[in-house]
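Q: Based on the sequences and whatever the hints tell you, model everything.
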Amino acid sequence: MGKIAIKTKTEQQVMTGSQAVVHSLIAEGVDLIFGYPGGAIMPVYDALYDVEDKLTHILTRHEQGATHAAQGFARATGKVGVCLATSGPGATNLITGIADAQIDSTPLVCITGQVSSNLLGTDAFQETDIIGISMPVTKWNFQVTRAEEIPFALAKAFYIARTGRPGPVLIDITKDAQFENLDFDYKTFNGMRSYVPTPKLNLTKVAEAAGLINSAKKPFVLFGQGVLLAEAEKEFKAFIEKAGLPSAWTIMGLSALDSGHNLNVGMLGMHGNYAPNKLTNKCDVLIAVGMRFDDRVTGDLSRYARQAKVIHLEIDPAEIDKNVKTDVAILGNAKESLSALTELINENEHKDWLAKFRDLEKEEFNKVINEELNPKSELMTMGEVMNKINLHSDQKNIIVTDVGQHQMVACRYAKFKKTRSLITSGGLGTMGFCLPAAIGAKMGRPDAQVIGIIGDGGFQMTIQELGTIFQFKTAVKIVVLNNEFLGMVRQWQELFFEKRYAATTMVNPNFQTIVKGYGIKTKKVEKRENLEEAVKEMLTHEGSYFLEVMVGKENNVFPMIATGASVSEIRLK
Amino acid sequence: MEKKRFTISVFTEDVVGILNRVSIIFTRRKINVESIAASESEIKKIYRYTIVITETENQVKKVVGQLEKQVEVVKAVFHPDEEIVHQEIALYKVKTGVLTSGGNAEKIVRSHNARVLSVETEFTVLEKTGHKEETQQLFDDLKPFGILEFVRSGRVAITKPMKTLSSIVEQLEKLVKN
Chain B
1 MGKIAIKTKT
11 EQQVMTGSQA
21 VVHSLIAEGV
31 DLIFGYPGGA
41 IMPVYDALYD
51 VEDKLTHILT
61 RHEQGATHAA
71 QGFARATGKV
81 GVCLATSGPG
91 ATNLITGIAD
101 AQIDSTPLVC
111 ITGQVSSNLL
121 GTDAFQETDI
131 IGISMPVTKW
141 NFQVTRAEEI
151 PFALAKAFYI
161 ARTGRPGPVL
171 IDITKDAQFE
181 NLDFDYKTFN
191 GMRSYVPTPK
201 LNLTKVAEAA
211 GLINSAKKPF
221 VLFGQGVLLA
231 EAEKEFKAFI
241 EKAGLPSAWT
251 IMGLSALDSG
261 HNLNVGMLGM
271 HGNYAPNKLT
281 NKCDVLIAVG
291 MRFDDRVTGD
301 LSRYARQAKV
311 IHLEIDPAEI
321 DKNVKTDVAI
331 LGNAKESLSA
341 LTELINENEH
351 KDWLAKFRDL
361 EKEEFNKVIN
371 EELNPKSELM
381 TMGEVMNKIN
391 LHSDQKNIIV
401 TDVGQHQMVA
411 CRYAKFKKTR
421 SLITSGGLGT
431 MGFCLPAAIG
441 AKMGRPDAQV
451 IGIIGDGGFQ
461 MTIQELGTIF
471 QFKTAVKIVV
481 LNNEFLGMVR
491 QWQELFFEKR
501 YAATTMVNPN
511 FQTIVKGYGI
521 KTKKVEKREN
531 LEEAVKEMLT
541 HEGSYFLEVM
551 VGKENNVFPM
561 IATGASVSEI
571 RLK
Chain E
1 MEKKRFTISV
11 FTEDVVGILN
21 RVSIIFTRRK
31 INVESIAASE
41 SEIKKIYRYT
51 IVITETENQV
61 KKVVGQLEKQ
71 VEVVKAVFHP
81 DEEIVHQEIA
91 LYKVKTGVLT
101 SGGNAEKIVR
111 SHNARVLSVE
121 TEFTVLEKTG
131 HKEETQQLFD
141 DLKPFGILEF
151 VRSGRVAITK
161 PMKTLSSIVE
171 QLEKLVKN
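Residue numbers (my numbering), protein chains in the order written: chain B, 1 to 573; chain E, 1 to 178.
Don't read these hints as lab results, they were simulated from the structure. Please note: incorrect hints may appear among the correct ones.
To be verified - In the DSBU-like style, the derived pairs of lysine-lysine whose C-alpha atoms are separated by at most 35 angstroms in a straight line are:
| no. | chain 1 | residue 1 | chain 2 | residue 2 |
| --- | --- | --- | --- | --- |
| 1 | B | Lys218 | B | Lys351 |
| 2 | E | Lys163 | B | Lys322 |
| 3 | B | Lys325 | E | Lys160 |
| 4 | B | Lys200 | E | Lys107 |
| 5 | E | Lys177 | B | Lys335 |
| 6 | B | Lys325 | E | Lys174 |
| 7 | E | Lys69 | B | Lys205 |
| 8 | B | Lys309 | E | Lys93 |
What the hints assert, rightly or not - Now the in silico label distances, taken between C-beta atoms and shown as ranges:
| no. | chain 1 | residue 1 | chain 2 | residue 2 | range |
| --- | --- | --- | --- | --- | --- |
| 9 | B | Gly211 | E | Ile31 | 51 to 57 angstroms |
| 10 | B | Gly260 | E | Glu2 | 50 to 56 angstroms |
| 11 | B | Arg306 | E | Lys160 | 56 to 62 angstroms |
| 12 | E | Ile31 | B | Thr77 | 38 to 44 angstroms |
| 13 | B | Glu569 | E | Pro80 | 35 to 41 angstroms |
| 14 | E | Glu2 | B | Lys282 | 32 to 38 angstroms |
| 15 | B | Asp295 | E | Glu2 | 20 to 26 angstroms |
As the list claims (entries may be wrong) - Where chain E lies over chain B, by a calculated footprint (3+ residues, C-beta under 8 angstroms):
| no. | region |
| --- | --- |
| 16 | 190–202 |
| 17 | 311–321 |
| 18 | 427–434 |
Just so it is clear, CB atoms sit at the ideal spot from N, CA and C, and this is done for glycine as well.
A: As C-alpha cells, this is what we get:
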C-alpha cells in the first residue's frame with residue numbers, strides 16, 4: 001500500500017480510510033488500544049505503524065483477551081476501552097467480551113475489519129455478519145463501506161459508548177473503505193434526536209423521595225455501579241451521611257464507598273452478607289442507587305422487600321419497574337440526582353436500625369467469617385488469602401476477579417480505601433475475564449497495585465494472555481486459588497445435586513512450569529506457614545508475580561441464598 | 001396479569017439494520033409478532049413500525065422501554081385496541097368464472113363492499129380493507145368458490161391519544177441543540 005502524504009496546516013487532510021481510523025482515535029484522546037491483526041484489518045495496522053509514538057497497540061494472544069483487557073482498562077480509568085480485530089473469527093472472538101461489557105455497562109469501541117464491500121454476503125474468506133451477530137450485545141453498531149464515513153462513525157461511536165448508561169459499540173469497516181481516500185476532518189459528536197443519554201431530573205420526584213426518606217424509620221440504601229459511572233462517590237457519601245442511611249453494595253458498586261465506613265453494611269445478594277440480605281425484608285424505605293435489581297441480588301422477587309416503599313435512582317428508564325416495582329423513580333445521572341436529594345433530606349442517625357445490622361454482622365462473623373479468615377482446619381481457605389492481602393497492603397489495590405467461588409470470596413473479604421478498585425464480570429459471569437482484564441487495568445493505571453484473583457478453572461480459559469504479560473512486561477500480580485475443582489459448580493453439586501460431581505474435577509498441569517516459561521516470577525504455597533511471606537513477597541515484587549495457593553478442595557462459600565429462596569432465607573451454612 | 005392484544009408503534013431513524021434491532025427485542029423474550037408494517041411517517045426520514053402482539057400489559061411496558069432504549073429509536077408507544085384506529089388490507093385472487101357464473105359469489109363481493117382491482121380472463125383480484133375479522137369473513141365466504149391466492153397486510157394504526165410526532169421530535173431536537 002502506498003503511503004499518502006498528509007497535508008498539514010489545512011483543515012481538511014487527504015488520507016486513506018485506515019489512516020482516518022487511527023487519526024480519529026488520536027483525536028478522541030485514545031493512546032492505548034488492544035487487538036489482534038488479520039487480513040481484513042491489515043490496512044489499519046499498517047496505519048498504526050506510522051503513529052506508534054502516539055497510539056500504543058497491545059497485542060493480546062486472543063481477541064477475547066483484547067476485549068477483556070479493554071474492559072479492564074475502561075473500568076480502572078473511566079475512559080473508553082478500544083479494541084481492534086479482523087473480520088470473521090477475529091470479530092466473533094470479540095463477542096464474549098462485548099456481551100460482558102453490555103451487561104456490565106462498560107464503554108468500549110470495538111473496530112473490526114470486514115471483507116470488501118463488493119464481497120458482502122458472498123461467503124467470502126473470513127466473512128461473517130458481525131453487525132447481525134453483535135446487534136443483541138451492543139449499544140450501537142455500524143458498518144462503514146465508504147472511507148468518508150469513518151470520522152463521523154467513530155465520533156458517534158465514542159459518544160454513544162461513554163454517554164448515558166455506557167456500553168459497547170462496534171464499528172465494522174470494509175477493507176475497500178480502509179484503502180479509499182477521504183478528506184479528513186474530525187469533529188466530535190454532540191448528540192442526536194433519537195438518543196437522550198441522560199434524562200432530565202424531575203424535582204417533583206426528588207421531593208417525593210425526600211419525603212419518604214424523611215419519614216422513614218428503617219431506611220436502607222442499595223448502591224451499584226451507577227455511583228462509579230457517574231463519578232458520584234462524594235455525593236453518595238454526603239447523601240448517606242446526612243441521614244445516617246445504612247448502605248449495602250452490589251459487586252458492581254463495590255469500592256464506591258470505603259470498606260471501613262460506618263454506614264457500609266456490606267454485600268448484597270446470593271453470597272453477600274447476612275445483615276443486608278436479612279434486613280432487606282425489614283426496611284420501610286428501600287433506596288436503590290444506580291443498580292438494576294439483578295436476580296442474584298434479589299432472590300425470589302415475590303418475596304423481595306414487599307413491605308418497603310421503593311425509591312429508584314437510575315439513568316436508564318428501561319430499568320424502572322423491570323424487576324422491582326418502584327414507588328418513586330428518579331431518572332438521571334446519579335451525581336446530579338444524589339445532590340438534589342441530599343439537599344432535601346433531613347439530618348438523622350437511625351442508630352437503633354443500624355445496630356440491627358451490626359448484631360447480624362456479629363452473628364455472621366462468629367458463624368462464617370472468623371473461620372474463613374482464621375481457619376482452625378489444616379486446609380487453607382480462599383478468605384485467609386484475601387485477609388493476608390488486606391493485612392500487608394495499603395488496601396488501595398485494584399482487585400480484579402474471575403468468576404466463581406474465589407470471586408465471591410474476593411468481593412466479600414477484600415478491603416477498599418479507593419474507588420474504582422474492584423473489577424469483576426458481574427452480569428455475564430465470564431470465566432476467563434480476570435487475566436486479560438487485570439492486564440488492561442494495569443496498563444490503564446500503571447501506578448496502581450493490580451492484583452488478579454483467579455480460580456484454577458478460569459485461569460486456564462485465557463491462560464495464553466500470560467504471553468501478553470511477558471511481551472509487554474506488565475507488572476500485574478496474579479493469585480490463583482487452586483482447589484482442583486470448578487469450585488462453584490461443585491458447591492452446587494454438593495448442595496443441590498447429591499454430590500454428583502459431574503465434570504467439575506480439574507486435573508491440572510504444573511502451573512509453575514507454565515508460568516516460568518513466560519518469565520514471570522512464581523511461587524506455590526501448599527502450607528499455611530508459607531502463605532504470609534509469599535503474599536508479602538508478591539506485594540513488594542516490582543514486576544509481574546504469580547502466586548498459586550492450594551486451598552481446601554471442597555470448601556463452600558457461605559452465606560448463601562439458594563435459587564428460588566427469598567433474601568431473608570439466607571443460610572449461614 | 002391477563003394477556004391481551006396491543007399495538008406498538010415504533011418511530012425510528014432511517015438506517016440499515018434498525019428492523020433487526022427492533023425484532024430481536026421480541027425474539028429474545030420469545031414474543032410472537034402477529035403482524036408488522038413499516039413505512040415512512042409524516043416526517044421525512046422517520047420510519048413508523050406498527051407491531052401487533054398479544055402479551056400482558058406489564059411485559060408490553062418492558063418491551064416498549066427496551067425499544068425506546070435503542071439509540072436509533074426516536075419514540076416507542078403501545079396502545080390497546082380501544083385507543084387506536086386500525087386497518088388492514090387483504091387481496092383475494094379468485095377464478096373469474098366464479099363471478100360471472102351468476103352464483104352467490106357476486107352477492108358476497110357486493111355485501112362486503114370489496115373492490116375489483118383487476119379482471120383477467122382466468123382470474124380476478126378483489127380487495128377489501130377493514131379489521132382482520134372483516135377481511136377474514138370475506139375469505140371464509142369466498143372459500144367455497146375456491147380462492148387461488150390470498151394475502152393480508154400487517155395492521156396499520158393511528159393512535160387516538162398520542163402527542164403529535166412532530167412535537168415530540170421538536171422537543172428531542174431542542175435537547176440536542178442545548
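Q: Evaluate each hint against the coordinates.
A: These are the hints, each one checked on the structure:
1. For the suggested pair Lys218(B) and Lys351(B), the alpha carbons sit about 10 angstroms apart, so the restraint of at most 35 angstroms is met.
2. This hinted pair checks out: Lys163(E) and Lys322(B) have alpha carbons roughly 25 angstroms apart, not beyond 35 angstroms.
3. Straight-line distance between C-alpha atoms of Lys325(B) and Lys160(E) comes to about 28 angstroms, which keeps the hinted pair within the 35 angstroms bound.
4. Between Lys200(B) and Lys107(E) the alpha-carbon distance is near 60 angstroms, which puts this suggested pair outside the 35 angstroms criterion.
5. The suggested pairing of Lys177(E) with Lys335(B) holds, with an alpha-carbon distance near 23 angstroms, which does not exceed 35 angstroms.
6. Restraint check for Lys325(B) and Lys174(E): satisfied, since their Cα atoms lie roughly 32 angstroms apart, inside the 35 angstroms limit.
7. Note on Lys69(E) and Lys205(B): the hinted pairing holds, with a Cα-Cα distance of about 21 angstroms set against a maximum of 35 angstroms.
8. A C-alpha spacing of about 60 angstroms is found between Lys309(B) and Lys93(E), which places the hinted pair above 35 angstroms, so the restraint is violated.
9. At roughly 38 angstroms, the beta-carbon separation of Gly211(B) and Ile31(E) lies outside the given 51 to 57 angstroms, and the hint is violated.
10. Checking the proposed 50 to 56 angstroms range against Gly260(B) and Glu2(E) shows it holds: the Cβ atoms sit about 51 angstroms from each other.
11. A C-beta distance of roughly 36 angstroms is found between Arg306(B) and Lys160(E), which places it outside the suggested range of 56 to 62 angstroms.
12. Roughly 39 angstroms separates the CB atoms of Ile31(E) and Thr77(B), a value that falls within the hinted 38 to 44 angstroms.
13. Taken as a hint, the range 35 to 41 angstroms holds for the pair Glu569(B) and Pro80(E), whose Cβ atoms sit roughly 39 angstroms apart.
14. Range check, Glu2(E) to Lys282(B): about 33 angstroms between beta-carbon atoms, so the 32 to 38 angstroms window is met.
15. Between Asp295(B) and Glu2(E) the CB atoms are about 25 angstroms apart, so this pair conforms to the stated range of 20 to 26 angstroms.
16. Residue count for the region 190–202 of chain B with a Cβ under 8 angstroms from a Cβ of chain E: 7. That meets the three needed, and the coverage hint holds.
17. With 5 residues having a beta carbon nearer than 8 angstroms to a beta carbon of chain E, the region 311–321 of chain B meets the requirement of three or more and the stated coverage holds.
18. Here the region 427–434 of chain B counts 0 residues with a CB under 8 angstroms from a CB of chain E, which misses the bar of 3, and the coverage is violated.
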